[in-house]
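Peer 1: Got chain H; can you put chain Y on it based on the hints?
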Amino acid sequence: MAEYTIKVRRFQPESGEGPYWEEFGVELEPSLSVLDALLQTKDREDGSLAVRCSCRAAICGSCGMKINGQSGLGCKTQIGEAQERADKVASAAGEPVAATPIVIEPMGNMPVVKDLVTDMESTHWTKIRRVTPWLLPHGEPPEREYIVEPESMIDITQSMACIQCGACVSSCLSMEADPDFIGPAALAKAYRFVGDPRDAETVERLHDLAEDPHGIYDCTHCFSCVDACPKDVAPMDQIMRLRRRAGEEGIEDPNSGHDHEIAFVKIIEKKGTLDESLLLQESFAPGLKGKLKPSKRAIKEMLGSIPTAIRGIRTGKMRSLSKLIPGIHHKLPDGAQDEVKAIYRHAEEHNEEFNLYIKGDEGELAEIEAEEAANG
Amino acid sequence: MPSHDVLVIGAGLAGQRAALAAAEEGVSVGIVSKVHPVRSHSNAAQGGINAALNPGDSWESHAFDTIKGSDYLGDQDAIEIMTREAPEEILHLEHLGVTFHRNEEGKLGTRAFGGASAARTYYVADITGQAIMHVLYEQLMKYSEQVARYEEWFSTALAIDEDGECCGVVTRNVADGSMELFQAKSVILACGGNGQVWKPTTNALICTGDGIAMAYRVGAKLMDMEMIQYHPTTLAGKGFLITEGARGEGAHLLNANGERFMEKYAPNKMELASRDVVSRAEQTEIDEGRGFPDGTVALDITVVPKKRVHEALREIVLVGRDFAGVDITREPIHIKPGNHYTMGGVKTDVDGRTDIPGLYSAGETACVSVHGGNRLGANSLLDTLIFGRRSGADAAARAKRIEGSRPSRQVLEQEDAMIAEINSREKGSGRRVSEIKLELGQTMDAKVAVFRDEAGIAEALETVRRLKEEAKSAYIDDHGSVFNQDLLGAIELGYMLDNAECTCVAALERRESRGAQYRTDFPERNDDEWLKHIDLEQTDDGPEISYSEVTITQWEPEARTY
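These protein sequence lines map, in sequence, to chains H and Y.
Using numbering that gives the first Met the number 0, the first residue of the first sequence is number 0, and each one after it goes up by one.
Using numbering that gives the first Met the number 0, the first residue of the second sequence is number 0, and each one after it goes up by one.
The shape of chain H in the complex, shown without the other chains:
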């Protein structure tokens, strides 16, 4: 048994008062959870403390909250670990570490109803419904099951593992800037259908999500949702999969992200290192045609990037002026370029997505491979 202090951001809507902080002392094993601490407080001290909870085992998704500023599930965060983090935060801020309270707040990006209870309906669930969250197969179903690649089901099981707790939504920085952003949970849900071979409206879904200004290109790759997700759904990865699929469908990305990525890959394949002067042009209008007749967007972007290039030269980041001229960038000497190409070939032959959901962490992956090799 150990003693902890939890500091809870409370809001009692019927009191007429604004939110306030309240500290409670709790006594429990370090391996028990922050939710256990809250339940002990409710049971012993103050039954009016409101917190949604049910399963206590990270499966129902009720107890999303912020603990020391980090979004997650109360039931899945051990109180001992929460204390360590609180101490770390305090020491980083130069505050005394002794008896730092564990700070518990309602989830972000959602209105608060009471104490730790937020209004998920007007935010989270409205966004979920935005992505047409049900399967849209065409025609009559087959007599038996749909025959699909086994891997495709495993692939979307990662997004099916989402328990709709809202922790990713709470942590989403893009949504803080743009409350209309469809957001990590709803887009992960969308991938569950886009990746499902039984769904017949994949292309329509991709167009819908790509063309919405608050859609898949509104994500800034900040990884907050990946950190927050208690079920390893990695919502950002699902968003990136949606972008890739949109690119494959030839859907124009307002940021040219997909073409930009392809341009990177192609230039390095050809030259071994990155010819930055070619990058913009290749991103907007790839190939010979682009060189002879650059698109309007390419010209606009290239002109727009001139100040950046000038700053680069001034600060010494760009050392060779010749590098500004498209195409002059040299290839790697001798056989080095062949080695780069060999890497590309290897990557293409082993074109398998590294899905943490299936394989566990990297160390485990190696062990699994060894095990399989041993078993023949």
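Treat the hints loosely; a few may be bogus.
Said to hold, decoys possible - The calculated lysine-lysine pairs, modelled on BS3-like cross-linking and capped at a C-alpha distance of 30 Å, are:
#1 Y:K198 x H:K6
#2 H:K269 x H:K299
#3 H:K87 x Y:K237
#4 Y:K399 x H:K6
#5 H:K330 x H:K270
Said to hold, decoys possible - A short list of chain Y residues far from chain H (calculated; beta carbon distances all over 10 Å):
#6 E24
#7 H35
#8 T98
#9 Q145
#10 G163
#11 E262
#12 V302
#13 D321
#14 N525
#15 E543
Because the hints were derived from the structure by calculation, they are not lab data.
Don't be surprised by glycine CBs; every beta carbon is placed ideally from N, CA and C.
Peer 2: Then chain Y, alone, in the frame of chain H:
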């Protein structure tokens, strides 16, 4: 007054399936749940769902396994229906979008489960319940015009009209505390089981036997309430579930001496004997001193290939890591039998009809009975879906047939008064609700668990009756309207105590050992006297006992060995 043809209380698998089935019949449907539907406890079903869908398998084989598993207390007509309709239901779910595991040919793949003579368990990793429930909720969102959802509405009482028919429900909107009387031509109780009566339990905090108690209070019969399943593999202390799928994948049970003790108890099926058999074996090892000092035995999953563990038992990897600090791919995890499932419940026929016209029940709340004395793993999801669908369809048919009556406001006034009375109790005037719950849970786990005897059960019953008195003056801290969970907790305590009393009375009455009811003072099954259901009906003096026949179609009771 909100009004629907069919009103479903509870939005887990049984409730959602019932609502969708009723909506398909074209009637107006409402679904009321005290938590958001996806928070329902069906989530926790990990391992899978049984169906004889493979060409080599047969519904008869599935039925026989279920009947044998039930220790012949299951009604064979109901079991036949469930097992015959199972394959169709699996395919229906697959067509709706459930991401069932595929074999190499891309067809539905299966895993082995306890008490089954074939690998007939269909699954989605070890999140099968969650995966199915989220897909049903997708369908509820899709059909939002046909099915009105009342999410976070807490039901307190059923309304019965002058003819004794059920015609509505009183519920409280958790968000603002307003009380509402709903009118309905048919009401379906699908509120889950009563696991919270025991502590620890694998069940969620919401599993407080609400539906069972509400039905009992308006005179519906309860059946087989003594039959409470203890799951063989739960974490000590918190009671978290480790899926039977782990044993299905080949994990071993070991005592503290490292012996694979199931050899002694079930030499043929070993770890995959029925749950009651495995739980008793573990408890015997523990009681006879061959367990670990923390009162457990070990589940060794390290014998399962790592890749398979990550693919098929992922949730268990997380549970081990987050809640026990154990990497199950590297070391055995300590487990013990723990409260898990309510086989008994509201007595229904095969269409979910209770003794009260207009009142239906399905899923864990109901007792059809397909599980009898012991439920087989991966049959609970099947039960919820088959009988949820059948209840929904029959409730809709009734709604089309009858005029319906308007519930009297009297029941609403009674419920308002009940809440006002709880609010009026002064702080310190009695015990805290949480104290009473704790004493109840510990008492039941000590006296009405894997092994039972007359003295222990009688003692538990006495405690329950004292707690019932104490609950009348138990006070709460929160007197507000918005999200007052304190008040709901006090009402739930009442539900739990009614459930506990019924279980004790039935367990005391059944003087034999069958399925989950093992009486050390009557260690044999006694078909001559006890091959029958124990039914309970509420009276002023507590539950009144009567008996009903077990339906036997083609499988005569035999000795049960694994």
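Peer 1: With the threshold set at 30 Å, check whether the alpha-carbon distance from Y:K399 to H:K6 stays at or below it.
Peer 2: 55 Å, violated
Peer 1: Say whether it holds or is violated: Y:N525 keeps its Cβ farther than 10 Å from all Cβ of chain H.
Peer 2: Holds, because the least Cβ-Cβ distance between Y:N525 and chain H comes to about 39 Å, which exceeds 10 Å.
Peer 1: The output says Y:E543 does not contact chain H. Does that hold with a beta carbon cutoff of 10 Å?
Peer 2: Per Cβ check, Y:E543 is outside 10 Å of chain H; nearest 34 Å; holds.
Peer 1: Grab the minimum beta-carbon distance between Y:T98 and chain H and tell me whether it stays above 10 Å.
Peer 2: Given a closest Cβ separation of 5 Å, the condition is violated.
Peer 1: Hey, is Y:V302 genuinely clear of chain H, shortest beta carbon separation above 10 Å?
Peer 2: The assertion about Y:V302 holds, with a minimum of 12 Å to chain H.
Peer 1: Within 30 Å, alpha carbon to alpha carbon, are H:K330 and H:K270?
Peer 2: Holds, at roughly 4 Å.
Peer 1: Would you assess whether Y:D321, listed as outside the interface, keeps its beta-carbon beyond 10 Å of every beta-carbon in chain H?
Peer 2: 6 Å, violated
Peer 1: For Y:E262, is the shortest beta carbon distance to chain H beyond 10 Å?
Peer 2: 26 Å, holds
Peer 1: Please work out if Y:K198 and H:K6 have their alpha carbons no farther apart than 30 Å.
Peer 2: Roughly 28 Å separates the two Cα atoms, so the pair holds.
Peer 1: Find the nearest Cβ of chain H to the Cβ of Y:Q145 and say whether that gap is larger than 10 Å.
Peer 2: Y:Q145 is indeed farther than 10 Å from all Cβ atoms of chain H, at 14 Å.
Peer 1: Holds or violated: is the Cβ of Y:H35 farther than 10 Å from all Cβ atoms of chain H?
Peer 2: 7 Å, violated
Peer 1: Just to be careful, I want the Cα atoms of H:K87 and Y:K237 compared with a cutoff of 30 Å; is the pair within it?
Peer 2: 28 Å, holds
Of the numbered hints stated above, those contradicted by the structure are hints 4, 7, 8 and 13, listed in ascending order.
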